[in-house]
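From first to last, the protein sequence lines are chains A and B.
Residues 754 to 1071 (the working numbering) are what the first sequence spells out, left to right.
Residues -12 to 271 (the working numbering) are what the second sequence spells out, left to right.
These are computed hints drawn from the structure, not numbers from a lab.
Hints are supplied without guarantee of correctness; some may be wrong.
[Unchecked claim] Sample of chain B residues at the chain A side, in silico, Cβ under 10 angstroms:
| no. | residue |
| --- | --- |
| 1 | Trp123 |
| 2 | Glu127 |
| 3 | Thr190 |
| 4 | Leu194 |
| 5 | Phe214 |
[Claimed, not checked] Not close to chain B: a few residues of chain A, all C-beta gaps over 10 angstroms, as computed:
| no. | residue |
| --- | --- |
| 6 | Gln772 |
| 7 | Met773 |
| 8 | Val775 |
| 9 | Gly777 |
| 10 | Lys796 |
| 11 | Ala826 |
| 12 | Ser830 |
| 13 | Arg873 |
| 14 | Leu898 |
| 15 | Ala1026 |
Model, not experiment: these values are computed from the prediction.
Every residue gets a Cβ at the ideal spot worked out from N, C-alpha and C, and that includes glycine.
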Amino acid sequence: MPSEEPIRVLEAKVAELRQMVVDGELDLKEELELLERKLHGLKEKRYASLSDWDRVALARHTDRPRGLRLVEAVTESFYELRGDRAIGDDPALRGGLARLGGHRAVLLFHHRGATAEEQRTCRSGMAKPQGYRKALRLMDIADRLRLPLVTLVDTPGAYPGVEAEEQNIAGAIAACIARMLSMRVPTISVIHGEGGSGGAIALAVADRVIMLENATYSVISPEGAAAILWKDAGAAPEAAGALRITAPRLLELAIADEVVPEPLGGAHNDPAATADALQAVIVRHLGELHVRSLDERMAMRYKRYRHAGGSRSNPDQG
Amino acid sequence: MPIRRDDRGRYVEVELGRVEESLWLRCTECGELVFRRKLRETNHICPRCGAYFFLTAQERIASLCDEGSFQPLTVGHSSSDPLGFVDRRPYEERLAEAQSLTGLRDAVMVGRARVSGHPVMLAVMDFRFIGGSMGWVVGEEIATAIEGAAEGKNPFVLVVASGGARVQEGTVSLMQMAKTVAARSLLAEAGIPFIAVLTYPSTGGMLASVASLADVTVAEQGAMIGFAGPRVIEQTTGERLPAGFQTAKFALEHGIVDQVVTREALHDELGRVLGVLTEGGHAE
Ligand SMILES: [Zn+2]
Chain A
754 MPSEEPIRVL EAKVAELRQM VVDGELDLKE ELELLERKLH GLKEKRYASL
804 SDWDRVALAR HTDRPRGLRL VEAVTESFYE LRGDRAIGDD PALRGGLARL
854 GGHRAVLLFH HRGATAEEQR TCRSGMAKPQ GYRKALRLMD IADRLRLPLV
904 TLVDTPGAYP GVEAEEQNIA GAIAACIARM LSMRVPTISV IHGEGGSGGA
954 IALAVADRVI MLENATYSVI SPEGAAAILW KDAGAAPEAA GALRITAPRL
1004 LELAIADEVV PEPLGGAHND PAATADALQA VIVRHLGELH VRSLDERMAM
1054 RYKRYRHAGG SRSNPDQG
Chain B
-12 MPIRRDDRGR YVEVELGRVE ESLWLRCTEC GELVFRRKLR ETNHICPRCG
38 AYFFLTAQER IASLCDEGSF QPLTVGHSSS DPLGFVDRRP YEERLAEAQS
88 LTGLRDAVMV GRARVSGHPV MLAVMDFRFI GGSMGWVVGE EIATAIEGAA
138 EGKNPFVLVV ASGGARVQEG TVSLMQMAKT VAARSLLAEA GIPFIAVLTY
188 PSTGGMLASV ASLADVTVAE QGAMIGFAGP RVIEQTTGER LPAGFQTAKF
238 ALEHGIVDQV VTREALHDEL GRVLGVLTEG GHAE
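Bound conformation, chain A alone:
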């Protein structure tokens, strides 16, 4: 991504000036207004035409609100449930009971970890079979208690490891996909960071798929595609474009239903505003789904996934 340096420098200057105005040292109101306008203009110009590769960088930005921090920002209360009742608990895929904009819900989310140490424990959000089996347990709870299911997806992919293979990670993902399709309650998935392949779709086969503006959802990382298809690691930006993994492209392909705009420059520039916007969209979709009958929702969901990805290749199919 092109440098944010000029913006950062100007921001610092504006902050300095603002402090001087507050302190009453000098009458600089006019200069301040001028500079603030200039800063806003600079930001608009910088972020108006983000490339697909810029968005990949924003989706992976270290300061982007994610995991438990995002959950705490979009919910009024959250009570975590742990463990798959068989092997253990996976800190990379978490969930629990939540209140969200006045709605009760079961929440599932990837957690990458905030500190370096936590990131190691959470394997940067790459979940193991016990994570996906805990997700299955929580999906059952949602159906039993008639609570809608909301998932927040942000993972580079499912964890590739010897133990994960021994414990049938593929089967756990397949079971999650099947369970999400059979849910009797309304389901909403929010892809807000990286939606990495099987590890992401396991939690994203919902009635509504919402993406944050700078989130991605892909079968392979741009770097992986560059290595395999271009045989050139440097082709990752090109691969990001060709694979159409960004939210605006996936809206065109009808894989995402709605794109939630982010604050200028990305979610990390205003996490609170991002969370508020996201909560409002989730609540609106929950409201829309609640008024539909069970049969209607199940039929819509079946039709959607039975014909998934067919919007361009086969226009006469939904």
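Based on the hints, put chain B with the ligand in the right spot on chain A.
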């Protein structure tokens, strides 16, 4: 076997020894040059070392079905390129090349057939077609076959030979995991059995979707069964892979499949499973 260990004891994938035009094929396991016609007699098993060469969809159908019983299903569409994808070459070119190499529309053949006299709906994948990867057409054909199985009350048999999702179709290929799993729910509603046969390879998004959701799952000896590729696991985790990792035996030992079967025994094995599932008794 197309997977072998290098001198440092790690697994490497080697080229599969099949060149369509040549009269001989080199066994990747023992290096023997085997006369093609001879291979047909041995069910494509190396006469020297017993390694399994993978089967094309047409060969698999011939070896599995009662003679002449396969009736292809007409699925009305041609191969698609949902993204208009171009890497170093246009995806359309790769598709055309794979079509002319295999004589197939895409990486799967679907149709009605009989196995040991039992009518089934069959979907057989072909590894030659872009690694047997699942794109929109493969997803559509499998889903259509499942619908046909549910309607016709025939057991559904899926023979997997797939490296996973088709990268050139991006997130659309990911959606095929959901599509095939959605279709599978029709089998459950109609009480129709689903049998999966995992062969070389059964990996990635294919294994993480419909291929893992059968009622009965048998692995062919020589299969490779796993979610992540050996190299990805080594590079991400630095873990050393145990001997026999992701083989059919490994899958059996870890509770991932019900049975491991040799290629010669597969036809009879399916006949037995279908017999137990469909003959007599009081299933409503
Ligand atoms: Zn040999």
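Q: Hey, is A:Val775 genuinely clear of chain B, shortest beta carbon separation above 10 angstroms?
A: 49 angstroms, holds
Q) Does A:Gln772 really sit off the interface, with its C-beta more than 10 angstroms from all C-beta atoms of chain B? A) 47 angstroms, holds
Q) Taking the least C-beta to C-beta distance, is B:Glu127 closer than 10 angstroms to chain A? A) Since the shortest Cβ distance to chain A is 8 angstroms, the answer is holds.
Q: Hey, is A:Leu898 genuinely clear of chain B, shortest beta carbon separation above 10 angstroms?
A: 23 angstroms, holds
**Q.** Minimum Cβ-Cβ distance from A:Ser830 to chain B exceeds 10 angstroms
**A.** Since the minimum Cβ distance to chain B is about 32 angstroms, A:Ser830 lies beyond 10 angstroms and the statement holds.
Q. A:Met773: least C-beta distance to chain B exceeds 10 angstroms?
A. Holds, since 50 angstroms exceeds 10 angstroms.
Q) Taking the minimum C-beta separation from A:Gly777 to chain B, is that value above 10 angstroms? A) 56 angstroms, holds
Q | Agreement of hint B:Leu194 with chain A interface, Cβ distance less than 10 angstroms | A | 4 angstroms, holds
Q: Could you let me know if the closest chain B CB is still more than 10 angstroms away from the CB of A:Lys796?
A: Nearest chain B Cβ is 30 angstroms from A:Lys796, so the label holds.
Q. Does the CB of B:Phe214 sit less than 10 angstroms away from some CB of chain A?
A. Holds: closest Cβ of chain A sits about 4 angstroms from B:Phe214, inside 10 angstroms.
Q) Hey, does A:Ala826 actually stay past 10 angstroms from chain B on C-beta? A) 27 angstroms, holds
Q: With chain A as the partner, please determine if B:Trp123 meets the hint condition of a C-beta pair closer than 10 angstroms.
A: Cβ of B:Trp123 sits 5 angstroms from chain A, so the hint holds.
Hint compliance for this structure: no hint is broken.
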